[in-house]
Amino acid sequence: MTRTTVDMTGPVTADKSVLYRLNGEYYRTDSYRDFVTDRNVLIAPTVTFRPIEQFRMNIDFEYQNRTWVDDFPILPAVGGSPASIPISRYLSPASITTSNPNHFDKKRIAYDWTYDFAPSWSLTNRLSYSSVAYRTMNGYPSGFNESTGVLDRWLTVNPGFTDRLFSTNIDLKGKFSTGPLDHSILVGYDYFSYYTPVYATYYNFFPPISSINLYAPTYGSESIYNNGFYIHNGQKWSGVYGQDMISFLDDTAHVLLGGRYDWAEYGINKDFSSASAALNSYSDQYDKAFSPRIGLLYQPLPWLSLYGNFTRSFGANNTDAMGAPLPPQKGEQFEGGVKAELFDKRMTLTMAYFDITKTNIPTADPRNSMNTLLIGKARSQGFEFDLSGRIDHHWSVIANYTHDDVRTIEGSPLNPATEIYTQLPVAGYKLGGSPRNYGNLWIKYDADDALRGLSLGAGVTVSESSFIDNANSAILPGYTLVNAMIAYTTKIEGFTVTAQLNAKNLGDVIYYPSSGNNRFNIITGTPRTFLGSLRVEF
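Residues 72 to 609 (our numbering) are what the sequence shown spells out, left to right.
Hints may be right or wrong, so weigh each one.
Straight line, CA to CA, 20 Å or less: simulated SDA-like cross-link-like pairs of lysine to any residue [to be verified]: (1) Lys410 <-> Leu420; (2) Lys448 <-> Pro433; (3) Lys87 <-> Glu124.
Hints listed in this document are in silico derivations from the structure and should not be mistaken for laboratory results.
Predicted, not measured: the structure shown is a model, and the values here were computed from it.
Whole structure, please, built from the sequences with the hints as guidance.
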């Protein structure tokens with residue numbers, strides 16, 4: 072792997088009323104997975120104008136061009152665990168994905184400006200327009216014989232389509248007082264849309280591409296059948312929102328009252344047989360909803376805060392595998408906890424309890440990738456612990472732990488005779504790829520005196536086992552990963568130079584961090600990796 076980044080900034084004019092910043096990146100990498108490569112180019116300049124103290128404006132440009140061999144996760148379970156094959160094994164149709172790599176080309180222009188038109192009052196406007204072109208080739212599993220190891224596959228081909236995305240918003244912020252209450256308000260309006268002209272996508276399902284044997288794969292030549300589906304879709308979304316942060320009791324108590332109202336419009340064609348049929352059969356679906364937000368925070372001591380909040384969410388961009396609209400996804404979240412600043416505010420500690428429910432959650436149908444299943448309601452309930460900051464001049468620490476129970480609340484009844492084959496989300500069962508307990512610990516030491524500039528770090532990531540699928544028929548084993556780093560910073564000819572070496576998964580553990588909530592799409596973890604970097608600041 073090679074990666075080069077550039078971050079440059081500075082004034083354009085002597086009075087610093089015009090500034091610039093340029094970010095750039097180039098990387099090219101192979102993978103531990105056979106056949107997989109990735110190349111990316113990113114250029115993102117920004118120009119900042121500040122002609123007067125009260126007005127500031129940024130204009131952003133972005134260009135990204137990425138080409139990569141598709142690595143859609145195809146790894147089935149055998150019995151109650153992932154198939155015992157090398158994690159490097161590639162099960163997509165290599166002759167197609169390597170000769171027709173995926174491509175992503177993005178062009179974006181945006182601006183944001185803020186005008187302070189009165190003391191404690193400001194107006195902000197943001198606008199962004201992007202043109203994003205895609206070409207993708209994805210292989211999918213369609214059936215698996217566990218006794219023989221033969222995996223049936225099919226292919227989707229998107230030879231090229233372009234999304235056009237537009238968004239804008241305007242915010243009014245201000246502060247004022249009413250008696251003992253101090254108010255900090257925000258009101259605004261936002262708008263988002265995307266539009267995809269008619270394009271053809273090919274589903275090589277009838278006839279499918281050839282099967283592959285997990286244990287003795289052969290990669291022969293494959294053909295693409297141009298049995299096209301024509302798709303035309305778009306979305307418009309607008310909303311108004313407002314909130315008031317009310318502070319009192321000498322700024323030790325705070326109440327947040329807010330909410331937003333959304334109007335959403337999503338459209339897709341109903342006839343996929345031809346480009347003209349796609350245009351003529353286009354129709355829209357409309358949704359709207361109010362989402363409230365309430366928060367409380369109390370500081371009994373300067374270093375200690377107690378808080379709680381409730382929010383409701385609304386997502387109308389639920390779509391199935393063909394892009395057709397589904398019922399909107401809605402959610403509710405309750406959270407409460409404690410925040411503390413320790414060691415003269417050098418370290419922050421947060422402990423929180425959360426309870427989140429969501430409805431109409433789409434999940435892939437492992438027996439038919441052209442179909443989408445819906446989980447009626449799921450719940451995530453647990454607590455988390457976060458600690459970060461400096462213990463003293465030399466030692467710093469980042470630690471976090473999460474206990475999270477994620478289950479289907481409203482789903483299908485259990486049918487043991489068919490559940491392993493239909494893979495329906497079962498009411499009361501855990502969602503796939505959701506470990507109940509996981510955490511991280513990272514400790515860093517910064518040397519002083521004769522070894523000034525030297526930094527050493529080490530950490531561990533631990534995850535409990537989880538179920539592979541929503542039917543809870545197989546298990547992803549738990550794992551422990553050890554990571555480390557060493558860095559040295561010095562001055563060379565007036566430049567600050569930092570050399571650093573990072574080591575990830577030092578024990579070269581074979582692990583599976585997640586799955587596609589089904590028995591076919593298990594994701595493999597990256598083996599032992601070393602990454603060296605050299606940074607020059609001037």
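task = Sort out whether Glu124 lies within 20 Å of Lys87, counting only the CA atoms.
result = The given pair, whose Cα atoms are some 11 Å apart, holds under the 20 Å limit.
inquiry  = Hinted pair, alpha-carbon criterion (20 Å max): Lys410, Leu420. Please report holds or violated.
reply    = OK: Lys410 and Leu420 at ~6 Å, within 20 Å.
query = Is the straight-line distance between the alpha-carbon of Lys448 and that of Pro433 20 Å or less?
reply = Holds, because 10 Å separates the two Cα atoms, which is no more than 20 Å.
Checked against the numbered hints given earlier, this structure breaks none of them.
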